[in-house]
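Using the sequences and the accompanying hints, generate a full structural model.
There are 2 protein chains.
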Amino acid sequence: MSSALPGGARPEDLTAPAKIRSAAIAHLARDGFQKANLRAIAADAGVSAGLIFHHFGSKKGLLTACDERVLGVLTERARTAGRASGSGLHDLHRAYVSDPEDYRVHVQYMARAIAEDTPAAERFVATLVEESEEIFRAGAADGSMRESSDPRALAVLNVLISQALLTMPPPLARALGAERLGPEVLARMAVPALELFTRGLYTDDTLLEAARDAWASARPASSRKTED
Amino acid sequence: MSSALPGGARPEDLTAPAKIRSAAIAHLARDGFQKANLRAIAADAGVSAGLIFHHFGSKKGLLTACDERVLGVLTERARTAGRASGSGLHDLHRAYVSDPEDYRVHVQYMARAIAEDTPAAERFVATLVEESEEIFRAGAADGSMRESSDPRALAVLNVLISQALLTMPPPLARALGAERLGPEVLARMAVPALELFTRGLYTDDTLLEAARDAWASARPASSRKTED
DNA sequence: CCCGCGGCTGAACATGTGGTTAGTGTACTG
DNA sequence: CAGTACACTAACCACATGTTCAGCCGCGGG
Numbered sequence: 003m004s005s006a007l008p009g010g011a012r013p014e015d016l017t018a019p020a021k022i023r024s025a026a027i028a029h030l031a032r033d034g035f036q037k038a039n040l041r042a043i044a045a046d047a048g049v050s051a052g053l054i055f056h057h058f059g060s061k062k063g064l065l066t067a068c069d070e071r072v073l074g075v076l077t078e079r080a081r082t083a084g085r086a087s088g089s090g091l092h093d094l095h096r097a098y099v100s101d102p103e104d105y106r107v108h109v110q111y112m113a114r115a116i117a118e119d120t121p122a123a124e125r126f127v128a129t130l131v132e133e134s135e136e137i138f139r140a141g142a143a144d145g146s147m148r149e150s151s152d153p154r155a156l157a158v159l160n161v162l163i164s165q166a167l168l169t170m171p172p173p174l175a176r177a178l179g180a181e182r183l184g185p186e187v188l189a190r191m192a193v194p195a196l197e198l199f200t201r202g203l204y205t206d207d208t209l210l211e212a213a214r215d216a217w218a219s220a221r222p223a224s225s226r227k228t229e230d
Numbered sequence: 003m004s005s006a007l008p009g010g011a012r013p014e015d016l017t018a019p020a021k022i023r024s025a026a027i028a029h030l031a032r033d034g035f036q037k038a039n040l041r042a043i044a045a046d047a048g049v050s051a052g053l054i055f056h057h058f059g060s061k062k063g064l065l066t067a068c069d070e071r072v073l074g075v076l077t078e079r080a081r082t083a084g085r086a087s088g089s090g091l092h093d094l095h096r097a098y099v100s101d102p103e104d105y106r107v108h109v110q111y112m113a114r115a116i117a118e119d120t121p122a123a124e125r126f127v128a129t130l131v132e133e134s135e136e137i138f139r140a141g142a143a144d145g146s147m148r149e150s151s152d153p154r155a156l157a158v159l160n161v162l163i164s165q166a167l168l169t170m171p172p173p174l175a176r177a178l179g180a181e182r183l184g185p186e187v188l189a190r191m192a193v194p195a196l197e198l199f200t201r202g203l204y205t206d207d208t209l210l211e212a213a214r215d216a217w218a219s220a221r222p223a224s225s226r227k228t229e230d
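Top to bottom, those sequences are chains A and B. Residue numbers for the first sequence follow this note's numbering, beginning at 3 and rising by one. Residue numbers for the second sequence follow this note's numbering, beginning at 3 and rising by one.
Careful, some of the hints might be misleading.
Not the full set, but computed from the structure, chain B residues with beta-carbon under 8 Å of chain A [to be verified]:
#, residue
1, E186
2, A192
3, E197
Keep in mind the hints are simulated off the structure, nothing from the lab. Please read these numbers as outputs of a predicted model, since none were measured by experiment. Backbone N, C-alpha and C fix where the C-beta goes; we use that ideal spot for every residue, glycine too.
Set out below in structure tokens:
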């Protein structure tokens with residue numbers, strides 16, 4: 003519940019805007035922007051609904067404040083413990099499993115923001131894709147990863163997969179016998195995911211070649227650059 | 003052209019319930035269940051809002067009817083042109099790119115249903131996961147795919163990735179220079195995806211081993227505390 | 001020609017939600 | 001101590017949306 007409390011502060015110690023923002027981030031992460039209910043957020047924060055407007059002006063204003071907050075926390079976290087370990091995928095997993103509730107909420111929030119095309123979504127994906135692409139280029143350079151014909155698209159794919167895994171909808175989690183997504187499900191899913199990422203799945207190139215042909219012929223002539 | 007019209011019928015020829023259902027499927031695929039607006043659906047179908055209740059009883063009833071319809075169409079389509087080609091991933095891609103608008107709407111609908119945990123979502127994922135797992139087992143048996151340590155989890159991963167690709171949110175599509183998801187974006191994404199699926203990405207096993215250890219130590223019995 | 005019946009409409013109703021505002025208490029300031 | 005400023009609340013409003021309902025319209029049967 004308490005998201006991103008600085009120091010050892012408990013919710014009662016925070017200022018009202020901070021309490022509202024924390025509660026709002028939790029609600030937005032769980033329900034998305036449109037379904038989120040301002041009165042429920044206010045109740046969770048222990049204040050009245052009117053106070054939200056007193057401090058944030060509107061629901062949109064609150065959303066923007068939360069966007070800013072989550073973006074800041076996430077990029078901060080990425081900067082400190084960030085790219086030391088290698089892949090963004092693996093990174094996200096480990097952080098998700100090991101970190102406190104906090105991180106889960108923020109990642110969920112980010113996924114919601116991207117799914118609903120929030121103003122901050124652009125910056126979220128820009129950061130994520132940029133960082134992924136950088137990692138892939140570096141990995142290819144130092145030999146720890148295979149060269150990709152389209153690092154940018156690979157980066158987008160990586161972000162997509164990471165996000166999908168971290169926000170796995172309950173029906174899919176139930177297909178694994180769990181009630182919903184949790185550390186256990188994620189740990190289990192990480193195995194085939196990493197198997198895929200280290201050994202691949204197909205033993206021949208036919209599908210890959212088909213995809214390359216499809217892309218080559220589907221691509222408009224204007225955007226042609228150096229081919230793979 | 004429009005969604006699931008039998009024969010060459012145009013919308014004006016359909017019965018009112020069918021028109022409503024078609025319009026509803028389109029709206030539900032685009033907006034999800036909770037955001038979908040009955041008056042807008044009615045307007046699109048060229049009828050009054052009241053008629054929806056006359057025929058379907060409630061919004062939920064309409065949802066159920068749409069679920070049934072989409073499930074039927076999708077399984078039908080899967081049965082006819084289904085598993086002949088190989089991978090569910092590749093399959094979905096090709097169908098998406100080649101098929102008329104129709105298919106896109108139905109896939110989007112399914113993704114929405116799963117994301118929102120609709121009653122029909124269970125059956126959707128059951129079908130998809132079952133089919134994927136079957137394909138992977140068969141592929142491993144005939145040597146066209148590598149053996150997986152957890153075919154079930156791999157199947158779930160495959161469904162997850164396919165769904166994520168087919169419902170890529172606009173911000174991620176924009177990271178590739180496109181306005182939103184379309185055949186071109188999908189064709190481009192298919193290349194690194196298939197590269198990943200045939201060659202893998204990492205050149206060593208360290209991350210894979212780490213994931214295996216994590217999973218092995220994270221699954222003692224059934225319900226264990228999430229912290230370790 | 002009238003009757004009735006079922007598809008269908010349009011307006012009304014109920015509820016929930018974003019947004020506003022008047023007023024209250026409180027803490028700081030002169 | 002008086003006053004002011006500000007955080008805060010409760011009641012209220014406007015509006016969207018699911019839902020209901022009384023009735024209209026067109027058509028087939030007496």
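Where does the structure disagree with the numbered hints, that is, which hint numbers, in rising order? none
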